[in-house]
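There are 2 protein chains.
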Amino acid sequence: MKDNMTAEKMMEYLYGLPNQFVECLKAEFTFMGNYKKRYKNIVVSGLGGSAIGGDILRSYAENKGNIPVIVNRSYEIPNFVDEKTLFFAVSYSGNTEETLSAYEKAKNKRADIICITSGGKLSLMAESDGYGVVKVPSGLVPRAAIGYLFCPMALILSELGIFPNLKSEIEETVQVLSELREEIKPDIVFPDNPARRLAESLMDSIPVIWGSIGGTETAALRFKAQINENAKSPAYYNVFPELNHNEVVGFAVPEDILSRVVIVIFEDKYDNPRIKKRIDITEDIVKNRVKNLLRIESRGESFLARLFSLIYLGDYASVYLAGRYSINPTPVGVIDYLKARLSEG
Amino acid sequence: MKDNMTAEKMMEYLYGLPNQFVECLKAEFTFMGNYKKRYKNIVVSGLGGSAIGGDILRSYAENKGNIPVIVNRSYEIPNFVDEKTLFFAVSYSGNTEETLSAYEKAKNKRADIICITSGGKLSLMAESDGYGVVKVPSGLVPRAAIGYLFCPMALILSELGIFPNLKSEIEETVQVLSELREEIKPDIVFPDNPARRLAESLMDSIPVIWGSIGGTETAALRFKAQINENAKSPAYYNVFPELNHNEVVGFAVPEDILSRVVIVIFEDKYDNPRIKKRIDITEDIVKNRVKNLLRIESRGESFLARLFSLIYLGDYASVYLAGRYSINPTPVGVIDYLKARLSEG
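Sequences listed follow chains A and B, in order. FYI, the numbering for the first sequence is 0 to 344, going by numbering that gives the first Met the number 0. FYI, the numbering for the second sequence is 0 to 344, going by numbering that gives the first Met the number 0.
These are calculated hints, taken from the structure and not from any lab test. Think of the CB as a built atom: it goes at the ideal place given N, C-alpha and C, for glycine as much as any other residue. Watch out, some of these pointers could steer you wrong.
To be verified - Using C-beta positions, here's what the derived DEER-type ranges look like: (1) 36/A to 290/B: 47 to 57 Å; (2) 268/B to 170/A: 46 to 56 Å; (3) 7/B to 335/A: 45 to 55 Å; (4) 63/B to 335/A: 34 to 44 Å; (5) 184/B to 287/A: 33 to 43 Å; (6) 63/B to 127/A: 28 to 38 Å.
So that you can see chain A by itself, here it is in the shape it has in the complex (with noise of 0.2 Å):
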């Protein structure tokens, strides 16, 4: 089939993802005696495929964390950032310019600087100036790498004791990857499945993915960006309970417009009960506008494993979907063609 051809690699990768947890799991960090302190917050600097495991600690934080964390994505660095912030450079080629910016703007503030990559700029200059580097395997697509940059960050907040179940939530996640692969992995004699059925939905539509705040919302984020790069079309995203207070209004006119957008909504058993409810109720509002509205139910225990549910099922569904568009999902030449202009004097 030309769509399993076409998307070999990022298929071969998604298959990959509960090994990439397993092996952090193994991994050491032999740096941690730096980093014993007292932390009053936390960043995450990164952009894209690098960012996204820092909204899922932020999101963890806000729910059982004693400190917050702060997601950045950006060349600059939050004012307050000082010696009693920990900060996490995370750029999996090491060349993100942005990070590398944020990086030195970091260091010039004294503050405890832990950089996650596979190589390149960003660590050079942490093993020259003396940080703690997890050293990731290369070879991958940032986006593919999602559990060797997320990991290593809540295996090392763990053992700190700043998120202490973290290691447990992982472990647990593994189990229900592990599974969920089996279900949606390509499969020529059995065709069907839950995410190419998510992506047949979404074909030539404007895709709206709802997340809840503290929940799956981090999800939601992640399929919306799988989208825009593995099938390269837009798509967008927004929140419970916030999209009822000014994106449940915007369904009124160009009815044209309207009766392409499919609405996915993620969702978790343990969503606040009035959550539930505003999804319900927002459901019976927007349906009969839309040209269709889907709801997923994550799976698993604790809130990572639910999560990367989630966020499993859309990876694979981009990646179909990107099969019925006839695209390879692997390459991002418009990234690439960005990276060599900004290079330019």
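We have chain A; now place chain B onto it with these hints.
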């Protein structure tokens, strides 16, 4: 002209925005003596038009502050909230259920709470509990009260010495908005103005509003929400440079949908030069794939003035857009319906 008649109320509110700032500048916050603590963080808890002021403060804090500002659009509160948190509970009506819930939880965590509201349950609870209440004029719709909902927080933080320059920035903002409103108010004799032209460009399209991190991002989010609430139509937003890592790839397919997209880029003379370069390159990449791409520059000198110059233009444009759709921008029946359904058993 029909669109002026249906939009009359909202146009009146908009014209009055600089006056909201002036009134706030004259206000005295008699409770300040209770809030002299050295805070670890600031939380702004609210939804929709009551939350956007929090985003402005968050952006400002990342630039110039010494402590983080976290915006909380939820029933819950971040777990790290404690007695060293300055907690703003913002609800124009005073009856926003998420914010009432968050207020209770913040009270249990012994945060220092200040409420910004025109009345309702929040006002009664806060007065009874002995917290500071800023009672703003009632009678507007929340999104039109952005001056009343933002300025008191800014002035309080200015007076407390946390963000000392905010007061003078508000003063410059009054000037800039006062000039701008003469250029963009409805005028039957001279019907052409920048806000009306912007509205015209967005008609029957998929508006996608892009801002820059630490710069125009909040104005982009605001404009997206105002198109939803005033023009009752869909709109989406994103931020440079993050969008260069995913959204910029999503312009290959489907062509018939992309041909309806109108991109509006909010830019600013003080944007990082790398961001300016990214905007130029991104325009080159996407402009031939979409219906139209507009670049709109802020005016003014201080951060607040520049941000509000764009907010104001977008606010007016969203009301003109409602007029072009023959829609009355002021009522939001969908939100009233949602609230009624939520309060059923």
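>> I'd like to know which numbered hints this structure contradicts. Please list them from smallest to largest.
In response: none
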